[in-house]
Amino acid sequence: MSARERVVLDAAPSLGALYAKAAGSRLRALLPGGQAAGGTLPEIEHRLEALVADPARLVDYQRLMGDTVRDTLPSVFVHGMVFPVAMSVMVREDFPLPLLGMVHLSNRVNHLRPIPASATLSATAWAANLREHRAGTQLDLVVEVSEGGEPVWRGVSTYLARGIWPGSRPGAPSEARAPFTIPARTASWKLAADTGRTYAAVLGDYNPIHLSAASAKALGMKRAIAHGMYLAGRALAGAAPQDAGYDWEIEFATPVFLPSTVDVGYEDRGDHMVFSGWGARSGKPHFSGSITTHPDGPASRA
Amino acid sequence: MSDQTQAIRPAVIIGGNRIPFARSNGAYSKASNQDMLTAALDGLIARFGLQGQRLGAVSAGAVLKHSKDFNLVRESVLGTSLSARTPAYDVQMACATGMEAIGSLANKIKLGQIDSGIGGGVDTTSDAPIAVSEGLRAVLMDLSRARTTGAKLKAVSRFRPRDLAPNAPGTGEPRTGLSMGDHQAITTKAWNISRTAQDELALASHKNLAAAYERNFFDDLITPFAGVSKDTNMRADSSLEKLATLKPAFGKNLGAEATMTAGNSTPLTDGASVVLLGSEDYAREHDLPMLANFVDFEAAAVDFVHGAEGLLMAPTYAVARILERNNLSLQDFDFYEIHEAFAGTVLATLAAWEDAEFCKNKLGLDAPLGAIDRSRLNVNGSSLAAGHPFAATGGRIVASLAKMLHEKGSGRGLISVCAAGGQGVVAILEAR
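Each protein sequence line maps, in turn, to chains A and B. Residues 35 to 336 (the working numbering) make up the first sequence, in order. Residues 229 to 660 (the working numbering) make up the second sequence, in order.
Since the hints were made in silico from the structure, they are not lab data. Careful, some of the hints might be misleading.
[To be verified] With a Cα cut of at most 25 Å, we get these calculated DSS-like pairs of lysine-lysine:
| id | chain 1 | residue 1 | chain 2 | residue 2 |
| --- | --- | --- | --- | --- |
| 1 | B | K470 | B | K258 |
| 2 | A | K224 | A | K55 |
| 3 | A | K318 | B | K296 |
| 4 | B | K435 | B | K382 |
| 5 | B | K417 | A | K224 |
| 6 | B | K470 | A | K224 |
| 7 | B | K458 | B | K417 |
| 8 | B | K435 | B | K470 |
| 9 | B | K417 | B | K475 |
| 10 | B | K296 | B | K336 |
| 11 | A | K318 | B | K258 |
| 12 | B | K588 | A | K224 |
| 13 | A | K318 | A | K256 |
| 14 | A | K251 | A | K318 |
| 15 | B | K417 | B | K296 |
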């Protein structure tokens with residue numbers, strides 16, 4: 035067991051209330067002396083038990099992603115179910131960074147085995163690895179999900195608080211990014227202006243940067259951007275195995291401003307599948323990732 | 229069931245009939261699938277004196293269907309002078325619908341289950357099945373399930389003005405969101421197929437089709453419909469210069485490297501085609517011609533969703549398998565009918581068969597299938613000139629090839645038809 039102090043939540047926190055709280059912290063942070071940058075992460079974990087998927091919501095999710103309606107939980111849907119627990123950690127008074135405006139950098143998930151839609155799940159979330167990034171401070175939000183005590187899902191989401199450094203701002207510029215070469219296109223997603231609102235309606239993530247141009251502008255974005263997890267969900271739909279455990283990861287490069295057409299390339303590399311998405315017009319990389327089916331699972335589709 | 233193995237008997241192609249193919253939203257704008265399929269059947273029945281006959285089966289299909297067309301082929305048969313006791317059923321395998329319908333019918337004849345049958349297909353993109361949006365559909369379905377006023381109001385309250393936008397069928401692949409042309413553009417580029425090579429193939433298609441009309445090749449293969457007597461897409465006066473002026477229509481993301489235009493891609497087309505098949509005994513008893521044997525057919529599919537293969541490359545795999553099964557080489561044919569979904573599809577298919585690496589790694593062959601004699605390819609034109617009403621293409625090709633083989637009096641023909649969903653059907657015909 036970890037040395038973290040455990041806080042057991044008695045109900046799933048509402049994301050709306052969490053965002054309102056986050057907005058409050060953001061305002062406070064703007065007041066003189068209110069900036070909570072630096073510091074350390076709270077040695078604490080939040081736990082929620084008896085979490086069960088809403089069947090109607092699951093169908094809505096599967097339809098939204100173009101996935102088949104099945105009686106197992108898609109990996110990104112599990113992320114959506116447990117996201118309020120993770121967020122409740124980030125809006126704590128002793129959390130050192132402002133939640134709103136935080137940039138989602140990447141996700142790594144171990145989907146350990148197929149999870150039945152009717153499963154009763156517990157989720158434990160904590161923050162870890164507060165560290166420097168060339169553009170600010172990054173940290174990991176870890177969530178472990180179990181069914182009847184057996185771990186079934188583990189996700190690490192990495193976030194960046196831009197322009198806030200744990201110590202003094204680093205002087206030297208970090209290494210240049212590798213130039214992006216557009217891979218072979220195998221799909222194209224036309225994302226409507228309401229993509230963020232539709233996703234929010236299904237998974238409850240009403241972060242204002244995803245909802246409308248106006249709400250996004252209030253947080254410094256030029257237009258609304260697609261949820262990272264929406265992109266991950268689309269990428270996994272039809273590519274993730276249904277009958278085995280698997281690991282997947284996604285890394286976000288530049289935001290997908292809505293509306294937008296995202297060109298996508300999948301490549302089957304034998305023991306794993308890689309995918310990436312880029313702007314159909316801009317040619318800028320949006321995301322890249324991979325899916326690796328656990329070796330004891332069925333053979334690859336080829 | 230008896231465990232006695234039945235002898236396989238030949239399935240014979242007796243003849244075919246189609247209506248001229250017409251460019252979308254043109255001459256056949258007001259014609260339904262049922263109208264066009266019935267017209268094609270009427271012409272075939274008249275040509276071969278099938279009035280009042282009970283055939284073994286009529287098997288056909290359409291790719292784009294209205295929900296009211298659930299029994300399209302049976303309804304069409306009921307509108308003809310065939311015996312009302314002729315069973316009929318719908319088949320759907322995207323652009324390979326006609327080939328699958330005809331091939332399966334041939335199998336039933338070979339097994340002795342039926343003695344005669346008509347196979348074919350029809351499609352219209354002009355009389356397309358426009359549906360209500362998913363949002364409105366969900367509201368309407370919930371409304372019809374609602375028992376109480378409260379539940380009805382709740383269902384109606386979910387209606388949004390944007391739900392008024394109708395849902396039209398497209399040629400996009402559901403799993404990738406890319407149009408068929410954009411998929412082919414990936415393959416065309418991967419095989420380095422030049423713009424000129426594609427335009428040359430398109431031009432040859434128009435010239436060959438026009439020449440076939442000129443020598444009255446289609447006189448016993450086509451019946452006029454709605455005032456049309458020739459395929460309306462045909463441009464006998466086309467030229468490489470004219471084709472070269474067209475701007476890219478697909479793969480525009482490739483910029484200057486885009487090569488696929490409206491000229492070297494098939495247009496959306498309306499039309500119908502049918503083919504009469506029977507056993508040798510059936511043909512003799514009814515004093516009907518025997519043009520060719522339907523020897524064999526094979527389907528294949530590829531994983532285009534995850535980029536393992538091009539969307540329209542499945543026939544390359546099917547051909548490798550059908551050749552092996554029939555102990556033939558790719559060069560053992562007098563005619564090659566490769567459906568011209570796009571000029572790039574035909575050229576990439578030919579290039580793949582010549583490519584040692586592709587044949588070894590993808591087809592699992594020791595040696596490449598090799599080149600074909602290009603003067604035997606689509607000699608009476610193909611889809612680039614005639615058009616491609618999805619399900620009707622198989623019947624057009626089978627009837628034309630059977631006639632070509634019969635005219636020659638010997639030899640074999642190979643058919644290759646690619647289809648949406650990464651599928652394809654190929655077939656072998658033999659002259660009689």
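> Can you list which hints this structure breaks, lowest number first?
Replying inline: Those not satisfied are hints 1, 2, 3, 4, 6, 7, 10, 11, 12 and 15.
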